[in-house]
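J.: Chains as they are written, first to last, in the numbering used here: chain A, 1 to 245; chain B, 1 to 227.
If the Cβ cut is set under 7 Å, some of the chain A residues that face chain B in the computed set are:
id : residue
1  : Arg82
2  : Ile87
3  : His97
4  : Ser110
5  : Tyr139
Cβ-to-Cβ under 10 Å is the rule here; a few derived chain B residues that face chain A:
id : residue
6  : Gln120
7  : Glu122
8  : Ala123
9  : Glu125
10 : Gly126
11 : Leu127
12 : Ala128
13 : Leu141
14 : Glu145
15 : Phe217
16 : Pro218
17 : Arg219
18 : Arg222
19 : Leu223
Far from chain B by the CB rule (all over 10 Å, computed), these chain A residues:
id : residue
20 : Ser29
21 : Arg69
22 : Pro74
23 : Pro175
24 : Glu217
25 : Pro232
I should point out that these hints are in silico values taken from the structure, not numbers from a laboratory.
Every residue, glycine too, gets a C-beta built ideally from N, C-alpha and C.
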Amino acid sequence: MMQESPLVVLDRVYKSFGALKVLDGVSFSVGRGDVLVLIGRSGSGKSTALRCIDRFEKIDSGEIHVCGRRVDAPDIDLRALRQDVGIVFQSYNLFPHLTIAQNIMLAPVSVKGMHKAAARELAATMLAKVGLSEKLDAYPEQLSGGQQQRAAIARSLAMQPKVMLFDEVTSALDPQLTGEVLKVIEALAADGMTMVIVTHEMGFARGIARHVVFMHEGKVHEAGTASILTTPATPELAQFVGTGL
Amino acid sequence: MGLNLDFSVVLERWPLFLDGAVMTLELAFMAILIGGAVGTLCAVGRGSSNRFIAALCAGYVEAIRNTPLLVQIFLVYFGLASIGFKFSAFSVAAVALAINVGAYTAEIMRAGFESIPTGQIEAAEGLALSRVQVYWHVILLPAIEKVYPSLTSQFVLLMLASSVTSQISAEELTAVANYVQSDTYRAFETYILVALCYVVLSLVLRAAFWALGLILFPRRRRLGTSL
Ligand SMILES: Nc1ncnc2c1ncn2[C@@H]1O[C@H](COP(=O)(O)OP(=O)(O)O)[C@@H](O)[C@H]1O
Ligand SMILES: [Mg+2]
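Work the whole structure out from these sequences, hints included.
T.: Now the structure itself:
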């Protein structure tokens, strides 16, 4: 049988902000059900790479394919792309004027035309998944940071994306609250969700990564399985995992 | 010298005051409705990437904020007349007030729009919401919630400022007072009464905006945040 093509492909992607070269020929791919962990020092271009996948940034050259769609095409159907891709940021960005249920229902109702009653049920299901069933009718400000981030993940999942992107989703959280969010992502991995995860939590990365990409100065400096985190080949990665623990 | 107040002849004419107060409220209502919409569109327009639209909206706001309301009213009044339109004093007053409050609404709404973090907008875009949906759910409604107190005090000020339209004989509260005092020679009493009427109108309007806020912003109601 022919091998299925990867859900996400970056092929020699270049991206600059003015004179600053941020992505300098980045290539990697993520197969269905794969978990790719993207690591690297602050400023190495991890967030930019993620943002390019969801077309929040336009690339200068190279190719990006997501679910068979060419993301760098000028006539890309952004809304179709973003139904396939869920993205969760470091700042949870729940809509403050809406309840958690309304936050989750907004996109299924307004994008997919789902009936409110069905969307509310979906919201309840998604919240149960992230362990927040009792917060359906709470407002974001009534939740802890960890709970808000889990609600934001539930909001993304409600659109039934094929790929989830996580950009340092625990960086704004206290260590006690980090664990509850990471557990949710681990459960997703166990469910077979395809994910690209940017994280500084090395223990978590080791446990969850099928593939690891280490970025350095806008390039993929080292890539491989989770084992490169314990036996790095390059001095840069060795130094990074040494200090980044 | 002694103060000799006699309200009886003034109070006798209460139906006139009532009519005037109703017209003041009607004027304010029309102006707020039209001006609110114009101002919101103008705030959107000022952020437009189309330079012409942005400049037009900015020009309108500056022109209104730097001229007196009375002059604006005369400009609308004589302007419409000189190009051959004949409207009732009420319509002209409503249009002039709408143009005026529109500019102030635009400034307030602009501050509201600017208070929305880009992360909110990206989160909504990431959920595949369309541009219009993002604007409505994530920018406009939260922005209105944020600036609602400034917006409504501006609207109450407009109701009070509508008194100036008596100059083009719109038959609102102040015009009624002008008539009653010349009829009764009880000027001081008349304007005391009219001042009290405006106080009542202000309180009524504030109460109405407060109630509307509770309906529009359920979060405020639930969490007990004051408006
Ligand atoms: N919108 C932007 N405009 C200008 N420079 C940017 C922008 N976004 C990111 N950068 C710069 O690009 C570099 C890489 O940023 P980023 O992708 O956020 O790195 P990381 O997520 O690995 O910390 C940084 O130097 C950052 O300052
Ligand atoms: Mg980053």
